[in-house]
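Enquirer: If you want the building blocks of each chain, they are given just below.
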Amino acid sequence: MPTLPSLEEIKKEVIDSQIWRSVFRGGLWKDTPRDRSAHIIGNVWLHLHPVRIRKRALEWTYTWGLGGISFALYLILTITGVLLMFYYRPTIDLAYRDIKDLEFAITLGKLMRNMHRWAAQAMVVGVIAHMVSVFLRGAYKKPREFNWSVGVLLLTLTLFLSFTGYLLPWDQLAIWAVTVGTNMAGATPVLGNEGPLGNLVGAHINNDVRFVLLGGTMVGENTLLRFYVMHCVAVPLVVGILLILHFWRIRKDSFSAAPYEPNEEKWEVWPHLVKREYIAAAGCTLFMFVWSIVMNAPLEVIANPNVTPNPSKAPWYFVGLQELLVYFDPWIAGVVMPGLIIVGLMAIPFIDTNPKGVGYYAWKERKFANTGFMLGITMWFTLIAIGYWFRGPNFFWYWPWESWLIPKAAPRLTWNVFGPNPTWRLWCTPNLSAFPLWLGIPVVAGLGAASLLLPKLIQKELDGWKTNLAIVGALALVAAAMRISPLHVSLGQGAWLVAFGWMHFYFGFVMPQRHIRTLDWARYIVTMALVLSTTAVLLKMCARLAFDIKYLITIPGISMNI
Amino acid sequence: MTDNAPTPAPVPQPAAPAPAAKPITRADFLWTGWAMLAAFFGASAAATARFMFPNVIYEPSQKFNAGPAKSYDLGVSIKFLSEQRVWIIRNEKGIYAMWARCTHLGCTPNWWGDQNRFKCPCHGSNYTIAGDVIAGPAPRPLWRCKVELSAKGDLIIDKAVLEDLPGKRELAPYFLEMA
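As they're listed, the protein sequences go chains A and B. Sequential numbering from 1 applies to the first sequence in my numbering. Sequential numbering from 1 applies to the second sequence in my numbering.
Simulated from the structure, these hints should not be mistaken for laboratory data. This structure is a prediction, so every number in the text was calculated from the model and none was measured. Mixed in with the good hints, there may be bad ones.
[Unchecked claim] SDA-like, lysine to any residue: derived pairs with alpha carbons at most 25 angstroms apart: (1) B:K146 - A:H204; (2) A:K408 - B:I78; (3) B:K168 - A:I555; (4) B:K146 - B:P173; (5) B:K168 - A:L197; (6) B:K146 - A:G202; (7) B:K79 - A:P393; (8) B:K146 - A:G557; (9) B:K79 - A:V301; (10) A:K313 - A:W380.
With the hints as constraints, model all of the structure from the sequences given.
Expert: Shown next as structure tokens:
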């Protein structure tokens, strides 16, 4: 009886076969430095890595692997997405049924859908966390400016992929989120039929940007197909191209922005980095599996284009935007602000001239940059928290401990500060304006120009504590005067005024005056415009929530309401 | 001299030197080429953009029959809300129909009879029974639809013909006077 070959002999036989040698080149693996470098250089999947990498860049705590984790999630999304496509048909009659089939009739269909949904949300978190970590370590500075901008585009596309994705189940969340989203596009200045100046250039319901997104005048069959194609083909293609660019630049910029130390140690990428990447990806996959087994992806009742659920809330990452839409006209909150956020983020590396703090956390050396950025991030997540936990039926303010079943009194009536047909009275009749436009336009323009220029025009550095005290004191005096006056401002309203007014002056005046008044004019103006548009959101929220002001200024003829 | 006498051949004059044609330089040639390439890409982009605008869309008719006009009692009727997205409102003078689309971002508001308001569930806009905004972010009043009476006395509502201007919206064809 012939003896069976041992495992070692089989392994040797297989590896020495012509087929194996043709697929995996490089001869016998002797685990020498030469073997390890050849493995990186000779493998198409690994060759975006360098052969050796600084030990500093390998530490888990340096990046927390956030970029890599985002990419791993993108791969999970691609695989689960392709699998879902085998069963999903993008038509109004079939889409919802196919999702139900995935849930109840198809083996592992529910798991795949859960993973796709949860990985999408995890990727949004991962990409945002990656951005914050890169920002705080100053890793966007020269020579990495362009790659930061590519990253911002990738974040935008991640959000757009989520947006196009949640129309597909054709449930109530889907149709109303997309109705709201595409109506925001319809409010785009000039290009939208409901936007400012739109009617001047002949934008109509069947020729504007909303019409292109919908493929019609209402959310319907064409819309579902368009979003399907964008979600499954067009946008992933662009993301893929940008990812290649993003990774290539990281490689060219030697992976880590951390400051060099003398005689720094370099480690081999195989196995040290590849191993870490593998562990991160495996951990991600495991995490997504467990999450998707434990929790089911939400699915509401089938879409009804005529009846909106009450309240109707966007997925959590867009609830902040939804909350902004309560305070601002759609063209500001839905078009200008997201545009400013994207362009502003992309502009950061080009307006931040501070050479310090490249590649490490630097709170003291980069006070202005870190404060401004974290203010924006904090506001974004605060708005999300408000929209998610503090809004109930009719999108009215409900505290988390209040029952949604108890109806609230009708919201108070709102008024405008400047507009046509002035009453010359504050706290005036609803929907009327207190003061006329001929006064409002110069006052608003003057205040805007003063806020923009004053921090740079005051040459002497103001004392932080004294300035803050003076601002709070002045605001308290104004509040007290308004309380004694016939306006009878309540204590609560006074507190709102002091708190939000102080935040505006601290972030929009004190900080810029101390830190960026020496910037050149171009960079200064761009920075200030971004800072002031952020603090203006705070002021407008205060005006609406505490003082029932709808618009600071309204020019109805051209749909210009601020 | 007779007519058929041969006319003397014109004496050939020394031709005036033709104005020297400006020779096409290599740079001109290349610039023309680049310009044509740019024009091609520009036109392709424009054509692709145009491709995304459908010429024929298959959408339901905006006109519908809402039954006998006399069947509506005073107040807001939501009879056709889930089917046609329209409120039919009867007051002392007559009937008007409002398109149940919030002018903010297009959600469907709900009628709250006890507070006499329409309230939008998406961003909290509030409207009066006449459609005027009294709270929340909506920029303009609700749209009113064209209403007609058929020969049989049925209410014919057309959501494609809309009006929201006070003064105009209270007149025909956006308001149907009833005895």
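Enquirer: Starting from the hint list further up, note which numbers the structure goes against and sort them upward.
Expert: none
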